[in-house]
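Trainee: Residue strings, one per chain:
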Amino acid sequence: MDFVILSLVMLAIGVYGLLTNRHLLKVFISVELIATGATLNFVTLASAMGKGLGEAFLILAFSTDTAVSAVILALLVIVSKKYGTSDISEVMKLQENDSEVEE
Amino acid sequence: MSLDSITGWLVWVIPLISSLFVPLISKFSAKARNYFVVLIAAITTGLALSMVPGVFFGSGEPTVSSVVWFAGINAGVFIDPLSVLFTSLVAFFGLIIAVYSLGYMAHEEGLTRYYFLLLLFIGSMIGLVISDNLLQMFIFWEMVGLCSFTLISFWYKRPESVKAGTKVFIMTRIGDIALLGAIALVYVSLGTFSFREIIAGISSIPIPTLTAIAFLTLGGAIAKSAQLPLHTWLYSAMEAPTSVSALLHSATMVKAGIYLIARFILIIGPLAAALPYWLPTIAWIGVLTAIVGATLAFYTNDIKGVLAYSTISQLGFMMAALGTASSASSLGWFASLYHMMSHAFFEGLGFLLAGGIIHALGTRDMRLMGGLKKAMPITFILAVIMIITTSGLPPFAAFFSKGLIITSISETGNLVQTIILFATTMLTFAYSLRFMALIFMGKESDHITKMHPHEAPKTMLYPAIVLAILCVVWGVAQPLVASFMHVELEISLVGAFVNLETPIFLSLLLPTGLLIYYTYYKTSSNIRTIVSGKNPITTILSHGYFFDDIYNAIAKGITKVSNSLGHFEDKYNLIPQKVASGFFRFASAVHSSFDVATDQFLNVIATRSISGASEIHKFDVLLDKFLSAIGNKTVSGASEIKRKTPSTSLQHYIAAAVLGFVLIVILIILTMGV
Amino acid sequence: MIEIIDIILPILSLVISALLTIPVFRLIRKSSHKLALTVGWFMAVYAVAGTAVANLALKYYGLESYSVLNFTLNGGALAGLSSSFMIDVISIYMSIIVIALSAIILIYTVFAINSNERPSERYFAIMLMLTAALLGAVLSGDLLTLFIFWEAAAAGAGFLMLYKKNALTINSTLKYLVMIIIASAFVVFGLSIVYGITGSLNFTDVQQALVTLADKRLLVIAFIFIATGYAIESAIVPFHFWLPDAYTAAPSTSAAFLSALVDQGSYYILIRVLVFIITPAGLNWIFMLAVMAALTMIVGNLFALIQTNVKRLIANICVADVGYNLVAITSYTSLGLVGNLYFFLIGGITTALAFMAVGVMNSHGYKTLEDFSGIGRKMPLVSLALVMAGLSFAGVPPLGGFMAKYLVFTSAIEANMSWLAVIGVLTSVLQTAYLFRLVNYMYARKPKDETVINESKRILIPIFILAAAILILGLFPQIVFNLLQPGGNLQLIPPI
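Quick note, the sequences are listed as chains X, P and A, same order. Residue 53 in the working numbering sits at position 53 of the first sequence, with consecutive numbering throughout. Residue 372 in the working numbering sits at position 269 of the second sequence, with consecutive numbering throughout. Residue 1043 in the working numbering sits at position 266 of the third sequence, with consecutive numbering throughout.
Please keep in mind that the hints were generated in silico from the structure rather than gathered at the bench. Treat the hints loosely; a few may be bogus.
[To be verified] To give a feel for the contact side, a few chain A residues facing chain P, derived at Cβ under 10 Å:
no. : residue
1   : Phe802
2   : Phe1018
3   : Thr1056
4   : Ala1058
5   : Leu1060
Heads up, the beta-carbon is just placed ideally off N, CA and C, and yes, glycines get one too.
Please put together the full structure from these sequences, using the hints given.
Mentor: Printed below as a string of structure tokens:
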């Protein structure tokens, strides 16, 4: 039960973090918190059921989460290299004078 | 399947399928394509006319043949006098126009598209009138609308054409929605689309529902048949090539509304009279449309405009007659359909002649015409026939048909309507005379001497001559038509002449028409310059009773609303943003006060441990400092927030998602209870 | 008899060919017949995958009864640990439309990208991978397998949006990915509770367990999380904000692919979860979904009304389409389900067609409504395709959109949800209005410039295949119904 509450708290912190932060790294951390919280809950309940599905799920869920996280990190690197900022709103402003916007 | 029902299928399937071959054949030769279309139109006409004897000698009961189309919905044909009458008219007129187009459209571009749409239209229109269920009918109803829209925009390189097409499509679409509503109501009440099953079950529908259905159906008919207050589209539709105007916007497509009401009266049978206000509404709409159309026809200078407004007015006559028909055996029902046919002949003739004249002169403005009698003698003679028929002078077709309509109205005893219709008849005579005078009479105008007009080619004249002959003989055919429709007429052909109304009608007609004509033109200095004085009547007429102005105002209103919707979108986007920035502000306020508190707390402890507890004074100072620091930090924090309030949409997304989450929770709680 | 290999074969063949695409493209680049070889390669790929799907479909339709069949990878000994697959008429139908639409859009992509001469092998490989993931998702038989395949597809979609790396695409892809990961976390959270309640994730088991469930409090919490998650992924108002941004920023080829396949995939999941797993008997979601459907139809169409960027306008129509799909799900009748699945197909084809046509116009620099002035004269054929798509959206017979909307609204009326049907019809009128504004711009306005444009003939082939499909399916909806109800009147909705 403790773990269920913990995972709910992680979920809440993650959503709160997404609402209040614009720094890309913080956004990324919030996202990871949400994902991990959800997975934790699954594992908790699966272990309570005493079946092996929890482990199987954990591995698969981590792999998909990791894939998405990798893309976000890659984007982060691109943004900071290309635009010298890690603030989403800054990138949004840049877009207006970005020459490559047009298809 | 009997022979008749096979014909009933072929008569609309053949043109629809052949239309697909038009682009293919045009690859080989343009001529082959044109003749192919004429051939298919002729075959269709043959098939349509071959159904006539079966109905004529039949019992008047419908023949139905249907197959499963999808998911329990049937497609089928419904052959009865009404559908065969319309089928024959559409097929025959399609043939006339196909032949006429050989000459009229000879030098146009995009003819493959034109002929494709022509065949598609013929097929769809026949499909509309011969369908045995509402859904199939509605699909064809939409398809003829689509054909109309694309044919009006035929010269799509001219912006006015496309604009007119769009206007027409949207205005008729209003009616389509109403009709769809009626069909949906029928389906909800009876669970079927088929005419036969609806007839069987109609009495089980409660009267209020049936009234709603009837009025929604009327809405569909009003839009399609250009009745008040949705009549303005028909004039815009005159952007189409004249052959198209003749076929769609005078002879066939605009009659779909008449067909719909006539069919509806057949379906609901004796219940028609039980519906509150329904029939009187139809009659009033028809009567008012008739007079409004006639006055507008009197005013316009556009040769096609006169014919368009005249069509509106004549459609009003038919509607008015339907308004008196409490059942299919009433005089009004027959009179309406009978006039529908004669109108197709004389108005179609008018359009064909107008096409020839526009061809020869290159203008639609009647003020530039005059004295055309010499240059185009055959056209002139045909025009005289057309004018006599339009005005309802004996012994041509409209005399009998219009007489029947006025008889049916006066039989109901509604004096106001009868008087208005008489007045309209006089106006009709007057605008016909004006039409005649402006185009054919008087001296040849400068424009005409410049253009050296010549008689229209034979391919354009022959169809017109055929129609003129029909104008002449159609009136005498009245008893035959009556027995074809299986209607018992109390008034015989001879009776029509001696009927009480007719002499009054005649005696009023000539003098009043001439009087109007006379006063109208003697007040203007010149026959060519139409009333130029600015009096209320001319203002009203030149604005077409302000209908279009009202619609434009409404459209402008809608544009305004949608603009303000744009503001709404901004505001809507602001809601999540406000939520987000609220969070943000709250968070940083907590954060900064917490920071300050810890800082100062540690400070206090440090200072205390250094300087001991005796220095209470210092603590006061510290407290002061603490408070002011909090103040400062909050101020700087706030300014920071102001600078950095999240403006990216990611926060909006999340905030919106949070709102959505709350919405889901609320909704689930509402359904499930706590 | 269907074996497990029949089901895995299409997925596997697409994965392998996706991996092979990169070396094959290296070879192709050296040759002098690049385009022909590229097209040839993809035709071969789709021939193999298509045969595999056809094999599955034919075997299934050859069965005596069209019941639900469950399969596990290891024969069911350790059901808990194995990925399982399930086929019924709906998954067969979905796999057919996934493979067909994917093939057409890929061919379009080849033509569209080849003309720009960019490195593209990874792009194509991802498209094939995505198709494989979607096939896996529609054929999967338990919530876990569905989740994994679907997440793979949703994450892969992010790569498609990123084809060009500029601020706009990076920004919207980032937002998309964040939303997707949150959505998946919510779904996992909900699934974990469902698993906790029922002890299984297999579709049939869960459904049975939920119907007989006595205490529904935990289920309600689970459902709220799952609903939120999938609502984000299928862009139901008010979770829809990412969709217009993402589709506008993505290149048209991706937008076509996403709208036709990934979007439809998300509706499929909604159906699978709502109609077959958490049924109204388990938890009454009908009212909630009806409100969301109404909101989605209204907001989607209102926002489409005020767009000036044509691509964004069509992206907003995608949002509105979600609403119409929801109406059909809400009705919870067999007719509604058939209508919904038909709507999928038509909606997918129509949006793909619109994005393709707009993509061709965008590639010449025409983007806003103002730019579109008089474009009907400059590019008559592409414009015709766009107008067909527009008419189908607006529900003008005989195009497919009419039949689709007709079925959806009829099903709503049948389910005593007439008010939803009324909202649907009214918003359709709104659709007519703004689509005709578009047509008006395209044909009635004078063009801004007099440039003459040579339409590329190649790219018209896939476009007109789709246009013809809309017309044919509109005229003969029976084609689709026969796929869905092979034995006549098959009861699609599980008995309550």
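Trainee: Please go over all the hints and tell whether each is borne out by the structure.
Mentor: Each hint, compared with the structure:
no.: 1; hint: Phe802; verdict: violated, 35 Å
no.: 2; hint: Phe1018; verdict: holds, 5 Å
no.: 3; hint: Thr1056; verdict: violated, 14 Å
no.: 4; hint: Ala1058; verdict: violated, 13 Å
no.: 5; hint: Leu1060; verdict: holds, 7 Å
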